[in-house]
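S.K.: On the provided structure of chain L, position chain P as indicated by the hints.
As a plain string of letters, each chain reads:
Number of protein chains: 2
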Amino acid sequence: MENKFVFAKEIVKEAGDYILAHMQEELHIERKSSPTDLVTRLDKEVQNFLVDRIRSHYPDDQFCAEEGCLRASVGYGSVWVIDPIDGTNNFVAQGEDFAIMVAYFENGVGQFGIIYDVMKGHCYHGGGAFQACLNEELLPNFKDKPLRDFLIASNAGMLETNAWGVAELANASLGVRIYGSAAISFSKILSGQLLTYITYLQPWDYAAASIIGESLGYQIVTLTGEPVDFQTRQPIMMVPTDKLAEIQSYIYERK
Amino acid sequence: MENKFVFAKEIVKEAGDYILAHMQEELHIERKSSPTDLVTRLDKEVQNFLVDRIRSHYPDDQFCAEEGCLRASVGYGSVWVIDPIDGTNNFVAQGEDFAIMVAYFENGVGQFGIIYDVMKGHCYHGGGAFQACLNEELLPNFKDKPLRDFLIASNAGMLETNAWGVAELANASLGVRIYGSAAISFSKILSGQLLTYITYLQPWDYAAASIIGESLGYQIVTLTGEPVDFQTRQPIMMVPTDKLAEIQSYIYERK
Chain L
1 MENKFVFAKE IVKEAGDYIL AHMQEELHIE RKSSPTDLVT RLDKEVQNFL VDRIRSHYPD
61 DQFCAEEGCL RASVGYGSVW VIDPIDGTNN FVAQGEDFAI MVAYFENGVG QFGIIYDVMK
121 GHCYHGGGAF QACLNEELLP NFKDKPLRDF LIASNAGMLE TNAWGVAELA NASLGVRIYG
181 SAAISFSKIL SGQLLTYITY LQPWDYAAAS IIGESLGYQI VTLTGEPVDF QTRQPIMMVP
241 TDKLAEIQSY IYERK
Chain P
256 MENKFVFAKE IVKEAGDYIL AHMQEELHIE RKSSPTDLVT RLDKEVQNFL VDRIRSHYPD
316 DQFCAEEGCL RASVGYGSVW VIDPIDGTNN FVAQGEDFAI MVAYFENGVG QFGIIYDVMK
376 GHCYHGGGAF QACLNEELLP NFKDKPLRDF LIASNAGMLE TNAWGVAELA NASLGVRIYG
436 SAAISFSKIL SGQLLTYITY LQPWDYAAAS IIGESLGYQI VTLTGEPVDF QTRQPIMMVP
496 TDKLAEIQSY IYERK
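Taken in sequence, the protein lines are chains L and P.
Its first residue numbered 1, the first sequence is counted upward by one per residue in the numbering used here.
Its first residue numbered 256, the second sequence is counted upward by one per residue in the numbering used here.
Worth flagging that the hints you see were computed from the coordinates, not collected in a lab.
Any given hint might turn out to be false.
[As the list claims (entries may be wrong)] Derived BS3-like pairs (lysine-lysine); straight-line CA-CA distance at most 30 Å:
| id | chain 1 | residue 1 | chain 2 | residue 2 |
| --- | --- | --- | --- | --- |
| 1 | P | Lys498 | L | Lys32 |
| 2 | L | Lys4 | L | Lys44 |
| 3 | L | Lys145 | P | Lys287 |
| 4 | P | Lys287 | L | Lys120 |
| 5 | P | Lys400 | P | Lys299 |
| 6 | L | Lys120 | L | Lys13 |
| 7 | L | Lys120 | P | Lys400 |
| 8 | L | Lys120 | P | Lys398 |
| 9 | L | Lys143 | P | Lys375 |
| 10 | P | Lys375 | L | Lys9 |
| 11 | L | Lys145 | P | Lys299 |
| 12 | L | Lys145 | P | Lys510 |
| 13 | P | Lys268 | L | Lys13 |
| 14 | P | Lys398 | L | Lys143 |
| 15 | P | Lys264 | P | Lys375 |
| 16 | L | Lys243 | P | Lys287 |
| 17 | L | Lys120 | P | Lys268 |
| 18 | L | Lys143 | P | Lys299 |
| 19 | P | Lys398 | L | Lys32 |
| 20 | L | Lys120 | P | Lys375 |
| 21 | P | Lys268 | L | Lys44 |
| 22 | L | Lys32 | P | Lys375 |
| 23 | L | Lys120 | L | Lys143 |
| 24 | P | Lys299 | P | Lys264 |
| 25 | P | Lys400 | L | Lys44 |
[To be verified] Covered stretches of chain L, going by a simulated chain P footprint (3 or more residues, C-beta under 8 Å):
| id | segment |
| --- | --- |
| 26 | 93 to 107 |
| 27 | 147 to 157 |
| 28 | 174 to 188 |
[To be verified] Listed next, with one range per pair, are the computed distances between beta-carbon atoms:
| id | chain 1 | residue 1 | chain 2 | residue 2 | range |
| --- | --- | --- | --- | --- | --- |
| 29 | L | Pro35 | P | Lys287 | 48 to 58 Å |
| 30 | L | Ile29 | P | Lys510 | 52 to 62 Å |
| 31 | L | Glu137 | P | Ile284 | 22 to 32 Å |
| 32 | L | Asn107 | P | Lys287 | 36 to 46 Å |
| 33 | P | Asp484 | L | Pro227 | 52 to 62 Å |
| 34 | P | Ser504 | L | Asn107 | 28 to 38 Å |
| 35 | L | Thr222 | P | Tyr313 | 57 to 67 Å |
| 36 | P | Asn390 | L | Arg71 | 41 to 51 Å |
| 37 | P | Pro290 | L | Gly225 | 19 to 29 Å |
| 38 | P | Gly350 | L | Asp242 | 44 to 54 Å |
| 39 | P | Asn390 | L | Ile29 | 24 to 34 Å |
Positions of the beta carbon are idealized from the N, C-alpha and C atoms, including for glycine.
For reference, chain L alone in the conformation it holds in the complex:
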């Protein structure tokens, strides 16, 4: 597994270099499911690059990836979960606050995750048998404090409508942030800069963070407290296990 992990970090770094080399060119922006659901040629090219590199080294491995129709279930065999550019709107409008995410599973068990904030050069990696690190530095285990001393993150729509009580949790915390990228939000949790992140996500949005965070005391669960399914878009939160009950006293389905 060590070799596979080293290989994965190498190709993610190469994919980041590819983005840096091409992000000033015409991006061929398209809108997918809605006017604010953007995809660029670089999302597709980076995904193809990663899939091709993995296939040439590990021809029997399967994929679940954001762009196109690679939708293997993580429950069986060797499966790579890929989000080539998470935070595409930030990528297009700001040229920062986006990341490449890769996670690797064997028969449903997460082996490692990688979140690469390309513009900052910050690579969060680890999980499974590997220590959770930011670049070469060990990431901190969750350290408890009162809710009032933590910042939280959510998506804008849930905050606007107080869906699942997100606004109530925000008002009991030190404040709420909206970064427009799951990867950026998760990486701030992994760094101890945020308590939780609450939003609707697809498997490729949370798979890497889920694996990396486990060894630091975090878990990703649905907003009803169930395990995530790694298959469909679900309302989810990443939370420290030590803080789950307190957060659940705010976050539940309002009838």
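M.R.: Frame of chain L, contents of chain P only:
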């Protein structure tokens, strides 16, 4: 004025170095007007450092500053407007996404502004007779695009309650971000990464951005479209003059 501007940039850089040298020490966090309105010993020490340095060079100049009771009006004489740490909650909880802001006025006319994102080492400076720059690079003039292609920023409370129609504007844009710092939000407008920032602010929160932004095609006005008063806490927005009318079609007081 050139000398004063160079002096101002030097002391702001020194203040940033002071923060970097002391931010790992005990911060003596206090809560001011509310449980989420934090101040630390470094807010006070940085303000004292800046005021002392300016007084020793320019003994007749006046001050309007966040901490304590320096509240000169910018309308008369030589006045420095100082926010020693903008984004104190980010500073405390995240150790990044905060900034030092300094603005200088003579008889009501802004001469220059400085926004220093300490952790990134990004110094936004200029306005008045000086070109607007990020470190040594010229900042871009506002470039128009459709509203749907721009991200915007606001504060969380206004988004939660759709105060002044902020949520409606957010929903017509590419998305809304909440960074928890006026300085960080303004600096992203100055870099062309955000269209507008809508919130309630005090003069020291917006003075620097107001002066720097003017030469790039931006203005800061109240949400009723009036000039800001540089005296009281007001609902304000920084907007490109070219986009003011379109934004005002969303942002107005709901009866």
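S.K.: So, for every hint listed, does it hold in this structure?
M.R.: The hints, checked one at a time:
1. P/Lys498 x L/Lys32: 27 Å, holds
2. L/Lys4 x L/Lys44: This hinted pair holds, its Cα atoms lying about 23 Å apart.
3. L/Lys145 x P/Lys287: Roughly 20 Å separates the two Cα atoms, so the pair holds.
4. P/Lys287 x L/Lys120: 34 Å, violated
5. P/Lys400 x P/Lys299: With a Cα-Cα distance of about 41 Å, the restraint between lysine 400 of chain P and lysine 299 of chain P is violated, given a limit of 30 Å.
6. L/Lys120 x L/Lys13: Satisfied, since the Cα-Cα distance of roughly 12 Å is no more than 30 Å.
7. L/Lys120 x P/Lys400: Holds, at about 27 Å.
8. L/Lys120 x P/Lys398: Distance ~25 Å between lysine 120 of chain L and lysine 398 of chain P Cα, so the pair holds.
9. L/Lys143 x P/Lys375: 25 Å, holds
10. P/Lys375 x L/Lys9: It holds: about 25 Å lies between the C-alpha atoms, which stays within 30 Å.
11. L/Lys145 x P/Lys299: 25 Å, holds
12. L/Lys145 x P/Lys510: 41 Å, violated
13. P/Lys268 x L/Lys13: The given pair, whose Cα atoms are some 33 Å apart, is violated under the 30 Å limit.
14. P/Lys398 x L/Lys143: This hinted pair is violated, its Cα atoms lying about 44 Å apart.
15. P/Lys264 x P/Lys375: 16 Å, holds
16. L/Lys243 x P/Lys287: Holds, at roughly 27 Å.
17. L/Lys120 x P/Lys268: 22 Å, holds
18. L/Lys143 x P/Lys299: 28 Å, holds
19. P/Lys398 x L/Lys32: OK: lysine 398 of chain P and lysine 32 of chain L at ~25 Å, within 30 Å.
20. L/Lys120 x P/Lys375: Measuring from Cα to Cα gives roughly 10 Å; hence the hint holds.
21. P/Lys268 x L/Lys44: 42 Å, violated
22. L/Lys32 x P/Lys375: 34 Å, violated
23. L/Lys120 x L/Lys143: Satisfied, since the Cα-Cα distance of roughly 25 Å is no more than 30 Å.
24. P/Lys299 x P/Lys264: At roughly 19 Å apart (the allowed maximum being 30 Å), lysine 264 of chain P and lysine 299 of chain P satisfy the hint.
25. P/Lys400 x L/Lys44: 25 Å, holds
26. 93 to 107: holds (count 4)
27. 147 to 157: holds (count 5)
28. 174 to 188: holds (count 8)
29. L/Pro35 x P/Lys287: 48 to 58 Å: About 41 Å separates the Cβ atoms of proline 35 of chain L and lysine 287 of chain P, which means 48 to 58 Å is violated.
30. L/Ile29 x P/Lys510: 52 to 62 Å: 39 Å, violated
31. L/Glu137 x P/Ile284: 22 to 32 Å: 25 Å, holds
32. L/Asn107 x P/Lys287: 36 to 46 Å: 54 Å, violated
33. P/Asp484 x L/Pro227: 52 to 62 Å: 54 Å, holds
34. P/Ser504 x L/Asn107: 28 to 38 Å: 56 Å, violated
35. L/Thr222 x P/Tyr313: 57 to 67 Å: Holds - the Cβ-Cβ distance for threonine 222 of chain L and tyrosine 313 of chain P, about 60 Å, lies within 57 to 67 Å.
36. P/Asn390 x L/Arg71: 41 to 51 Å: Given range 41 to 51 Å: holds, Cβ gap about 45 Å.
37. P/Pro290 x L/Gly225: 19 to 29 Å: With Cβ atoms ~27 Å apart, the hint holds.
38. P/Gly350 x L/Asp242: 44 to 54 Å: Taking Cβ atoms as reference, glycine 350 of chain P and aspartate 242 of chain L lie about 22 Å apart, which means the hint is violated.
39. P/Asn390 x L/Ile29: 24 to 34 Å: The hint (24 to 34 Å, Cβ to Cβ) holds, given that asparagine 390 of chain P and isoleucine 29 of chain L are roughly 29 Å apart.
The earlier numbered hints that this structure contradicts are 4, 5, 12, 13, 14, 21, 22, 29, 30, 32, 34 and 38.
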